[in-house]
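Colleague: If you read the protein sequences in the order shown, they are chains V and R. Quick note: this note's numbering has the first sequence finishing at residue 432, numbered continuously throughout. Quick note: this note's numbering has the second sequence finishing at residue 334, numbered continuously throughout.
Distance windows between CB atoms, simulated:
id, chain 1, residue 1, chain 2, residue 2, range
1, V, Arg-264, R, Val-238, 45 to 55 Å
2, V, Gly-309, R, Trp-307, 48 to 58 Å
3, V, Asp-312, R, Pro-184, 52 to 62 Å
4, V, Arg-154, R, Met-1, 56 to 66 Å
5, V, Arg-94, R, Ala-85, 54 to 64 Å
These aren't lab readings, by the way, just hints derived from the structure by calculation. Small disclaimer: the values here were computed from a predicted structure and weren't measured. Heads up, the beta-carbon is just placed ideally off N, CA and C, and yes, glycines get one too.
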Amino acid sequence: MSTLSDAGRGYRRDHEALLAQLGEVLGSVHRPTRALELLVDAFVDTVADFAQVALRGGQGWIAVGRTAGHQVVGVDDHAVGRRRAEAIRDLLARRTAEHWVLPPDTPERIEVLGNLFGATPLVEQLDSLDAVSLLHVPLVARGRALGILTLARRGPEDFTPEEIGALEDVAGRVGTSLDVSVVVADNRHVASVLRTALLPPPLPSAHDLDVASYNRVAQEDVTVGGDFIDLHGTDEDLTMLLGDAVGKGVAAAVAAKRIRSSVRTAALVDRSPDRVLDLTNRVLVTEVTSPIESFATAVCGRLRRLEDGAYDVTLTNAGHPPPIILRRSGRLEYVESHGPALGVFEDAEYGSSTHRLEIGDILVCYTDGITEARGRADMFGEDGIANALAGLGGAPSSAVVERLAMSVSSFMGVDSLDRDDAAILAVRPTGV
Amino acid sequence: MIDTAAREGYWDAVATSDPLRAGRVAADLVASGTPLPTVLDDLVAAAQLRVGDLWAANEWSVAREHAATAVGEHVVRRLRRDLEAQATARRTGAPLLMVCAEKEWHALPALLLTTRLEHAGHRVVYLGPDVSTTALQIAIDEHNPRATLVSASLSSSLFFARRHVETSTSVGVPVVVGGAAFDPGGVRAQRLGATAHAASASVLARRLPDLPARVRPAPPLTSDSAREAYALVPGLSVVAEALVSRARDGGSGAAVVAVADQVPHLLGTLVAALLLDDPAIMAEGRSWLRAVAEARPGAAAAVDRLWEELGRHVRDFPQAYDLLRAPGETRTHN
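If we strip away everything but chain V, and leave its shape as in the complex, we get (with noise of 0.2 Å):
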């Protein structure tokens, strides 16, 4: 409610709640839609009975409408049909506020208000607030208008000149703030597109074979990284990839993606680890200006069934941290580098050495993530994870692959900042 010195400035309402809400809204929403709904909330909260943002988006008109004792309306559909979209850009082209007197229960009321908010609820909500006029504000950022606050009150208060004045003033903060949502939502949405292509797929799931994987990512706001885990081939014969592009975030991403690529092609030809490395290593050198861009160490794998149900895993280590074998008994068997990191050498050559995993053994493979990961003193190392797999001989993937994370995440603190990527994959044969 209005205070005394509202009151000596002409408002009859309180603006300077408008202000304190408006200032929780503005800067911290960066989705258009939500920041329409929070923006009517506030305004109907504080100053109007009655008040819709329509803005001109990326992807067309959005609007969201509010009347006080009212649901929002345009909350699961925002978009604005074209007379409406019409009547807006009418408005707009006027530049400054204006302030419409609402002809009293005549059929051009109705067709004022129908033009203004389409077959909505909010003609008939308006409508029944007896208004007598309506308070058009246009929102103007970069010296041209982007959007348009329509405001009314419930009959007969109407706003006065220095609410109108002081109204005009809020929309200008107003519409620089949308504006700036509207690019960053815009460039969001490019983002993602890309981020989408960057991202693995999901794992298949092999029916005899438990798999269970984990992947965070050092810098979270971007969600991608350069660690990477894939797995791809038939229920009999599969090609398991996990592996550490060097550096973090998108660059790292856009690497990871290209050796990721290389691995699935050169699978389709022979799934040897050994051949798929040494392929995707002459790829990276040739393809790559500076070996800096390129480095990458990697753990490729292939997984033949065999009748038993057991399968038969031969590994190719190109100077990453070494995969384990967890047998069903408890015992850790490590399998250490074939040859050195991909990316460097044109003529690097590797080897590989193969292992029989039986029902209920797991190969669990990792970054050096989580070996690096470092608590206040030391870092979590070999021994750390031997730590974390005391004990789960047997157990399922999953749980092999959650019990690490969990080990590495408290071994980190509370607050740790010096995060980098990890990622985690174990497969264990199921035998049935």
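Position chain R relative to chain V; hints supplied.
Modeller: Showing chain R alone in chain V's frame:
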């Protein structure tokens, strides 16, 4: 009702960490007409309770508990996939966003709730355990949810749950909190700044229609006690290290290790009790630690050393010091 044979078959599969067999038992029950909520509550959740008790009673190792928990999660994921496959109509409208607090690794309660909500026809986006505020922020932006649901099982997760409350309400999205970390009366939820508290899936279902479409940002927590919580947090890893090494003065036996493993939870509990100015949280932590010690010969001395060491580290924090000195007493608020 679930018959004894199915119940025992399921438990046997959990105890021998056989996710496929456990999944078959659960899926068969659903296929033969047992309502999905019954299977989730009376089979999966009930078995999980038993798993926790067996660990607390020192009959199962941590590793065994993890393996059994993974079985439960596998079962729920499978039931959720089955549900998805047979869903006749595509669920529409703004989704609910289900997250666990950061560092909260107990995913099963959130997964159970997700499945029950989906079964009731809601669209749910499930983000899993240990969700950071950045991940939550991105997901809110991407999915425009009608509410965020935050699950916290451990009282030590309450501090992180508060960050989710702030992240969500700062962009106007209502937050409903739930999980074993909260009191049934909802006092903690209210102090945390949540829009609502739901002690169970059915309570949540009842509250959903009444949730506001948009909320104001949760006001900052500014009590003396909350200020101390924020002051304590940056130094916690140093305190944790001191506590672990003090607990281990008694050797490296399983009992001592089990106690030392509780240090992060203990510290998180202290911070939560301060943040929400709720001594009952500390009292619960105290009885939890006592129960851990009672089931493990030789652990009691390690627990005593922990409390003594912790007292030394909080001497400069009067509220924390009071909290440790007066276990379980309810202070009067003026």
